[in-house]
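We have chain R already, so just place chain P on it with the hints.
If you're matching them up, the sequences are chains R and P in order. FYI, the numbering for the first sequence is 60 to 377, going by our numbering. FYI, the numbering for the second sequence is 873 to 1148, going by our numbering.
Some hints could be false.
[As the list claims (entries may be wrong)] Computed list of lysine-lysine pairs in BS3-like fashion (alpha-carbon distance at most 25 Å, straight line):
| no. | chain 1 | residue 1 | chain 2 | residue 2 |
| --- | --- | --- | --- | --- |
| 1 | P | K880 | R | K274 |
| 2 | R | K274 | R | K286 |
| 3 | R | K286 | P | K879 |
| 4 | R | K274 | P | K879 |
| 5 | R | K293 | R | K274 |
In short, the hints are calculated from the structure, not lab data.
One letter stands for each residue in the lines below.
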Amino acid sequence: MTQVEERPPPQVPPPPERPVYTRRRGVSDRARSERRLGWLLCAPAAIVMLAVAGYPIAYAIYLSLQRSDLRFPNAQKFVGFDNYVSVLTASRWWTDLQTTVVITVIAVAFEFVIGMGLALVMHRALVGRGLVRTTILVPYAIITVVAALAWQFAFTPGTGFVNEWLGTDRAWLTERGTSLFVIIATEVWKTTPFMALLLLAGLALVPDNLVQAAKVDGATAFQAFRKVTLPLMKGAILVALLFRTLDSFRIFDTIFIQTQGANDTESVSILGYNQLLNRLNLGIGSAISVLIFICVIIIAVIFVRVFGANLAQQRGDA
Amino acid sequence: MHGQLSKKALWTVAAIVVGVYALVPFVWIISLSLKRPGDLTDGRFIPRSITWDNYSNIFDQNVFTSALRNSIGIAAISTIIAVLLATTTAYAIARLDFPGKRFVLGAALAIAIFPQISIISPLFDIWRRIGLYDTWPGLIIPYLTFTLPLSIWLLSAYFRQIPWELEQAAEVDGATPFQAFRRVIVPLAAPGMFTAAILAFIFAWNDFLFAISLTSTDRARTVPAAIAFFQGASQFQQPTGQIAAAAVVVTVPVVIAVLIFQKRIVSGLTSGAVKG
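Pulled out of the complex, with its shape left as it was, chain R reads as follows (with noise of 0.2 Å):
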């Protein structure tokens, strides 16, 4: 057991320096038309990205300080921070907030799971290797909004076919419960494969003869797959962790297909969407979608620090 543990971990010899010759001697003509030609080939994807995602989100912060309302146009003008305070003393906010929290965090946390359990069995299995690879595709290929209507039918009294199975009439979708429950096996039907391929690939990372040493030091599979494989994969389960957590806090699709939002199933993206296209409230919408996007960056910082791994480490130029 002990031994186990006290394993050094392998050795990971040091990336290769960098040439540094070019910065000491001052930049070699070479080096400088090297330089120009990388930003000349970088500028029209940077130029894009700027122009469909940067300019956008400094217009949302702009019109998330003014009043504008598209149903009185004329009224728009500068009011600080009264959308952000009408958004966060508004129990709305921190209802959907929690909606969305807990829709995240049960969802990842099956994902994990069951990702896990399928990555093992692509990893491992003996038997029909290829066909599970294959068949697990398929929930990837489905469009959110046709799985979050497959299974809104499967749920929906008279049509489906849950309830003849369970041999209940229950109406699944009518309270906030179980309408939370279908949410989330939707999202997580539809994204666990996702999730078990980012797992794999963690997976095959892992050197077999570890593993192997493991267990003739006497380790169990479980505590060999514990203590020597998990923590080789933590690079991996943190990246597929942060997307997927990211991804999930931004639920939509499904939550509009299925419930519009009703029983309080609302989430904050649904609130933001709301906002703007059916109350036609650009300034209100604009603040929830702002403060959305914090709550994104707050959690990728909190998985940043917590986890302790260095994401641009891990996807560094290797």
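Frame of chain R; chain P shown alone:
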């Protein structure tokens, strides 16, 4: 021997469970699309009898055919633009040494994870003013916010693995730079571009939020939006069968493509995310 056998049985069961998990909702929506109107509420998983009426019905409706046209056109154009822009960027990031390349990658990552809802309000406002609301470019442009970062990440990871020395080797062997590029580099880079294109296309094909926020009519409404609003067309009778048929029509081609190119897609989905 006995242990080996029971292990095999265990893995077989695991594989079957995975298969059921992945396929049940998919088979269910196909089954719904094939049911006769009278059987729609029988709650059976497998239809009693099969009809193709739902399919012929949706192809007779302009709502669906124009949405299909819009979806294909908008997703394809957004994908092509993204992959072309990403190819030059990824080439520069993989092969050239210049300050700021980490910044480009970081910006792409930041854009890939930001919530789309954040830019709905400005786009809604700007598009109405400059006449892009409910047009193809009105969706193609916001789709670049995910197709482009995705392609940049994927291609820069891919291009790092290409043995670029082959290009010089070809030139040493007497090929002109252009020949070396066309005969050596293009064949090496093409699979990566193809993978990026499939994934970007799937993302664009899947979008719902931009589609319902920035379109209002057949002019630019894509299939996911059309299906969602199709549902609300009649309050008294849900056209469940037709919705299911439309869902199958937009799903099956993607599923087939994904299954054909599964190796590429799996490596594409994971290369950028794990190995960097």
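Given the hint that R:K274 pairs with P:K879, does the C-alpha gap stay at or below 25 Å? 18 Å, holds
Hinted pair, alpha-carbon criterion (25 Å max): P:K880, R:K274. Please report holds or violated. Since the Cα atoms of P:K880 and R:K274 sit roughly 20 Å apart, the hinted pair holds (cutoff 25 Å).
Are R:K293 and R:K274 close enough, with their CA atoms no more than 25 Å apart? 20 Å, holds
Run the distance test for R:K286 versus P:K879: straight-line Cα separation, threshold 25 Å. Holds - the C-alpha atoms of P:K879 and R:K286 are around 23 Å apart, at most 25 Å.
Proposed proximity, R:K286 with R:K274 (alpha carbon, max 25 Å): With Cα atoms ~11 Å apart, R:K274 and R:K286 stay inside 25 Å; holds.
In terms of the numbered hints stated before, the structure departs from none.
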